[in-house]
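Engineer: For reference, the chains in residue letters:
There are 2 protein chains.
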Amino acid sequence: MRSENIIVQKYGGSSVANIERIKRVARRVVLYKTKGHDLVVVVSALGDTTDELLELAYGISKMPPERELDMLMSTGEQVSAALLAMAIHKLGYEAISFTGAQAGIITDGVHTKARIIDMGTDRIHKELESGKIVIIAGFQGINVDQEITTLGRGGSDITAVALAKVLNAGMCEIYTDVEGVYTSDPRVVKDARKLDQISYEEMHELASAGAQVMQARSIEAASKYNVPLHIRSSFSYKEGTYITKEAKSMENVLISGVTVNKNEAKITICDVPDKPGVAAKIFKAIAKENINVDMIIQNVSRTAKGKAKKALSTDLSFTVPGGDLLKTMKVTRAIAKEARAGGVIQNNNIAKVSVVGVGMRSHSGVAARMFDVLAKARVNIEMISTSEIKISCVVLRKHADKAVIALHKEFELGKKK
Amino acid sequence: MRSENIIVQKYGGSSVANIERIKRVARRVVLYKTKGHDLVVVVSALGDTTDELLELAYGISKMPPERELDMLMSTGEQVSAALLAMAIHKLGYEAISFTGAQAGIITDGVHTKARIIDMGTDRIHKELESGKIVIIAGFQGINVDQEITTLGRGGSDITAVALAKVLNAGMCEIYTDVEGVYTSDPRVVKDARKLDQISYEEMHELASAGAQVMQARSIEAASKYNVPLHIRSSFSYKEGTYITKEAKSMENVLISGVTVNKNEAKITICDVPDKPGVAAKIFKAIAKENINVDMIIQNVSRTAKGKAKKALSTDLSFTVPGGDLLKTMKVTRAIAKEARAGGVIQNNNIAKVSVVGVGMRSHSGVAARMFDVLAKARVNIEMISTSEIKISCVVLRKHADKAVIALHKEFELGKKK
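Those protein sequence lines, which keep their order, are chains A and B. Residues 1 to 417, numbered by UniProt numbering, are exactly what the first sequence covers, in order. Residues 1 to 417, numbered by UniProt numbering, are exactly what the second sequence covers, in order.
Hints in this document: simulated from the structure, not taken from any laboratory. Remember, it's a predicted structure, so these values are computed and weren't measured experimentally. Check before you lean on any hint, since a few could be wrong.
Identical copies go unnamed one by one, so any copy, or any two together, can satisfy a pair.
Stated by the list, open to error - In silico DSSO-like cross-links for lysine-lysine, where the CA-CA straight-line distance does not exceed 27 Å:
no., residue 1, residue 2
1, 33, 402
2, 409, 288
3, 90, 62
4, 33, 62
5, 376, 288
6, 238, 376
7, 376, 126
8, 132, 113
9, 376, 284
10, 415, 132
11, 132, 165
12, 132, 62
13, 409, 190
14, 23, 288
15, 288, 224
16, 275, 409
17, 90, 327
18, 275, 165
19, 288, 132
20, 190, 35
21, 330, 90
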């Protein structure tokens, strides 16, 4: 078997939302099979299944044990894998579905946020060689103690990328309900344009800045192992967006996209005593809970109210995923108290607006243009962070769309270059 | 750990039909835990989950591959196991859920109808010893190749009985939505009475004759390994019906119950050439499909219509579970043709009415009384079969309730003895 002949396809929840859509996916999979490819198909849970299961769990407990959440949530993908296998059989082709455990996906065992540490390929190769289409339940694996673990948000993408890597697949296709990667969210920006190609690095920044199409960690993994990605729609046969190493043609592009992430929350610890070790303590405790902190800023030291002039203190702000806010507040409050800080404030009404582009490397002045545009649009900037190819600003959520539209226009992203 | 201290509890689908009921089950489990017992709890899928999953499968294919059906159906019990573990945690007790695979339930690998061939207990003992309540997804196991297999109808009962046996549990409690085993179906017979105890043998006959409360094969297994059973309601704390070896006090009882099974279908092969081997061929082919034939009758040989006088032929009738009718018809038609039989007729409008009682062993005349009662009620008998402690008659389905009521009255089952 030539491994370039292997295509890994991943279908997200909206692509397998109901029986009709599962049948459509089956037809597409079979089409590729008849073209001579060996197919390994990763599926997410049916449409709303994940939400329905979470509703059951949170109907029972506000803090369900994460081990049991994994037991619960992993069933969603198992259901769609079995149904897709049935739909392919119905078309007269052989297919076999596997759970993460059966496929040999071994994880580090961190419940609800596991990382893949090993992948078996014997079983998959055996089934491919016998002519079968292999369907794998995404988002899950087991640890060495046979405990079921899920891979966190976008976990099915990770499953697909990891499989494409170990099988040395010719292509890893990520099927979704949009036609590819856009310069911005078409629901917000009317002239947002589909990109034909984009580099791993830019896609990674776009994803971590809020582009929903694929999770940042999956792109990071694809980049690391040079897995060619093709993000496309399961509702059409049009080409989507290819994600590859930086291409020559991309170099002329200053900015590739403007994104917004409305799913972050800001936490501010007031009057943190300005001495070494306090911040470290806080972020160590948060990391221990497996919470990803995104932006961190610290105001210049000032005299704390009501304290002696010599006792300097500072305000420390950071952002975390909205879903982790409760857990983060709990940890932060405990440590703030211990460190004799002033108080902990949460802000759930923020959004992060980012511009991303490899062109920033060689062109200065992007940040200045961005701040200028936001000022003209009367959008106040609460926090700023930058990377080599990205600038992000936290603004009030109600200003987010206005900011995105203004930036998309400023950098002329609607025009084909 | 004293093993008599272990209680295995099995909760059926109606007992865990929704969040409120799962919470109620959790409270009951915890109550037993606080009384000092070690709890191993087997759960079925939530209420209608099984039907919902089947609807998805049959929405995709009329003949879904059984391997994939097992992948699909096994998720139902995994969901309830995880949710019950969460509900117990919420009450402040430690619980851990296992799939059949994780619990070490090894089966023979026959999809949708597997039999347990081995059970691991190390993991369960370890968790019990650490003080945890162990929750196990019923109805499922894996074969030696890690293929998920389900145990067929009533499979969660089998899981519970097998666990009670290997753990040498003091009691195996089967929770259901009725208060125990009744002399007949209370929905049909108004003065049907709950039995305080019943022998394995009688319960086995009642179950195979149509009593819904527990599957015959689970009772057979309990009897074989002398696992004490207590069938009771999850909606009250009243004692239910104990199922044990034949007790002294039971000997005076002539008949314990009257049952009806409306879920069988009758198949008749007309004009089967009356020579050795034909019947064997038919039932061998049906057995190969894992279909359980219940009653078989063969009419006396007669001259086949339109054939030479010397060519004798016979009509052969048998019953199978209604759900297997389609599959059975297919097999039967093929063999009937091959054997040059006349034709195959199916009848889906039958019911099997049975009287069961260990007292029959020492008292003759029960059959005569039964036929007499049915004749007086103007119920025609289509087929008859008997065992040492049971007499079953196939009647038209529309006459079934009338027959049951008349028999329940004749044998005075409404009166406490």
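Engineer: Give a verdict on every hint.
Structural biologist: Comparing the hints with the structure gives:
Taking the shortest alpha-carbon separations for residue 33 and residue 402, neither the intra-copy value of 46 Å nor the inter-copy value of 58 Å comes in at or below 27 Å. For a Cα distance limit of 27 Å, the shortest separation of residue 409 from residue 288 qualifies neither inside one copy, at 41 Å, nor across copies, at 70 Å. With identical chains, the CA atoms of residue 90 and residue 62 are at most 27 Å apart between copies only, with a shortest distance of 9 Å across copies and 42 Å within one. For the identical chains of this complex, residue 33 and residue 62 are inter-copy neighbours only, at 23 Å across copies versus 45 Å inside a copy, given an alpha-carbon limit of 27 Å.
For the homomeric pair residue 376 and residue 288, neither the shortest alpha-carbon distance inside one copy (41 Å) nor that between copies (79 Å) is at most 27 Å. Taking the shortest Cα distances, residue 238 and residue 376 never come within 27 Å of each other, neither inside one copy (39 Å) nor across copies (75 Å). Taking identical chains as interchangeable, the C-alpha atoms of residue 376 and residue 126 are never at most 27 Å apart, the minima being 61 Å within one chain and 66 Å between chains. With identical chains, the CA atoms of residue 132 and residue 113 are at most 27 Å apart between copies only, with a shortest distance of 24 Å across copies and 31 Å within one.
Taking the closest pair of Cα atoms, residue 376 and residue 284 never come within 27 Å of each other, the shortest separation being 39 Å inside a single copy and 85 Å across copies. Taking the shortest alpha-carbon separations for residue 415 and residue 132, neither the intra-copy value of 45 Å nor the inter-copy value of 63 Å comes in at or below 27 Å. Taking identical chains as interchangeable, the C-alpha atoms of residue 132 and residue 165 lie at most 27 Å apart only when both belong to the same chain, with a minimum of 20 Å there against 40 Å between chains. For the homomeric pair residue 132 and residue 62, the shortest alpha-carbon distance between copies (21 Å) is at most 27 Å, but the shortest distance inside one copy (43 Å) is not.
For the homomeric pair residue 409 and residue 190, the shortest alpha-carbon distance inside one copy (11 Å) is at most 27 Å, but the shortest distance between copies (78 Å) is not. Taking identical chains as interchangeable, the C-alpha atoms of residue 23 and residue 288 are never at most 27 Å apart, the minima being 43 Å within one chain and 31 Å between chains. Taking the closest pair of Cα atoms, residue 288 and residue 224 come within 27 Å of each other only inside a single copy of the chain (25 Å); across copies the shortest separation is 52 Å, beyond that limit. For the identical chains of this complex, residue 275 and residue 409 are neighbours neither inside a copy (44 Å) nor across copies (89 Å), given an alpha-carbon limit of 27 Å.
In the homo-oligomer, the alpha carbons of residue 90 and residue 327 lie at most 27 Å apart only across protomers (17 Å), although the nearest pairing inside one protomer, at 46 Å, exceeds that limit. Taking the shortest alpha-carbon separations for residue 275 and residue 165, neither the intra-copy value of 46 Å nor the inter-copy value of 63 Å comes in at or below 27 Å. Taking the shortest alpha-carbon separations for residue 288 and residue 132, only the inter-copy value of 25 Å comes in at or below 27 Å, while the best intra-copy value is 43 Å. Taking the closest pair of Cα atoms, residue 190 and residue 35 never come within 27 Å of each other, the shortest separation being 37 Å inside a single copy and 66 Å across copies.
For a Cα distance limit of 27 Å, the shortest separation of residue 330 from residue 90 across copies, 19 Å, qualifies, whereas the shortest one inside one copy, 51 Å, does not.
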